[in-house]
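Could you slot chain Z onto chain E? The hints should help.
Residue strings, one per chain:
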Amino acid sequence: SAVISQKPSRDICQRGTSLTIQCQVDSQVTMMFWYRQQPGQSLTLIATANQGSEATYESGFVIDKFPISRPNLTFSTLTVSNLSPEDSSIYLCSVEGGGSNSGGLYNEQFFGPGTRLTVL
Amino acid sequence: DAKTTQPPSMDCAEGRAANLPCNHSTISGNEYVYWYRQIHSQGPQYIIHGLKNNETNEMASLIITEDRKSSTLILPHATLRDTAVYYCIVRVGNQGGKLIFGQGTELSVKP
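Chains as they are written, first to last, in the working numbering: chain E, 1 to 120; chain Z, 1 to 111.
One thing to keep in mind: the hints can contain errors.
[Claimed, not checked] Simulated restraints, written as ranges between beta carbons of each label pair:
| no. | chain 1 | residue 1 | chain 2 | residue 2 | range |
| --- | --- | --- | --- | --- | --- |
| 1 | Z | Pro76 | E | Glu54 | 43 to 53 Å |
| 2 | Z | Ser28 | E | Gly52 | 26 to 36 Å |
| 3 | Z | Asn23 | E | Gly60 | 20 to 30 Å |
| 4 | E | Phe61 | Z | Pro21 | 23 to 33 Å |
| 5 | E | Ser88 | Z | Ser25 | 30 to 40 Å |
| 6 | Z | Asp11 | E | Pro39 | 21 to 31 Å |
Note that these hints are calculated values from the structure, not bench results. As the structure is a prediction and not an experimental result, all values here were calculated from the model. Positions of the beta carbon are idealized from the N, C-alpha and C atoms, including for glycine.
Here chain E stands alone, though its shape is the one from the complex (with noise of 0.2 Å):
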């Protein structure tokens, strides 16, 4: 299964500032997603990052609020703009479609850690 990171776990943020999030991969994947998981609340998707092209962002969700890159296969970053206090949440970051070690391509999605983003 692939390994995914995120920076940072966690970050506690005034209100007007941004927060980027980073996701790296251990080895090259087709997709990578990005959702918002509110409190105590299911995940919701934000986008899909799309390599070399503007991310395809979900209704409700817009680039000037929620900027991302994806500059190769294997990172991407989610930028929360103009933090208010209902950004508090968990931005999740997954995969899928990447090359197995046995060499199958993987047919579902695996999910980071989580970041977890307070705004006061």
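Only chain Z this time, still in chain E's reference frame:
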């Protein structure tokens, strides 16, 4: 919106089988059923998936009804470490594509 319906919570005695139901009455012919679980403060973990046949792996079994409108995830010998929120998800295809999470079932395994 999620296409699945699950009970919000269930209890199971340690060592017994945990049977988690899921309704997906509007599932299409090309949609797969996936199960994930999320242990507190961790990212979701893949468990199993299937199209129409029953599936088994080292973690669990997936039983899909013949009409594919519902399924059951079976943890054969639940342990305390299986306490988690279990999500049943349907999605098109089995490679690539977004997962739409519902509210899931919070399973509590008790000694």
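Verification of the hints:
Evaluation of the 43 to 53 Å hint for Z:Pro76 and E:Glu54 yields a pass: the beta carbon distance comes to about 45 Å. About 31 Å separates the C-beta atoms of Z:Ser28 and E:Gly52, a value consistent with the hinted range of 26 to 36 Å. At roughly 26 Å, the beta-carbon separation of Z:Asn23 and E:Gly60 lies within the given 20 to 30 Å, and the hint holds. The hint said 23 to 33 Å for the Cβ distance between E:Phe61 and Z:Pro21, and at roughly 32 Å that hint holds.
The hint said 30 to 40 Å for the Cβ distance between E:Ser88 and Z:Ser25, and at roughly 35 Å that hint holds. Taken as a hint, the range 21 to 31 Å holds for the pair Z:Asp11 and E:Pro39, whose Cβ atoms sit roughly 24 Å apart.
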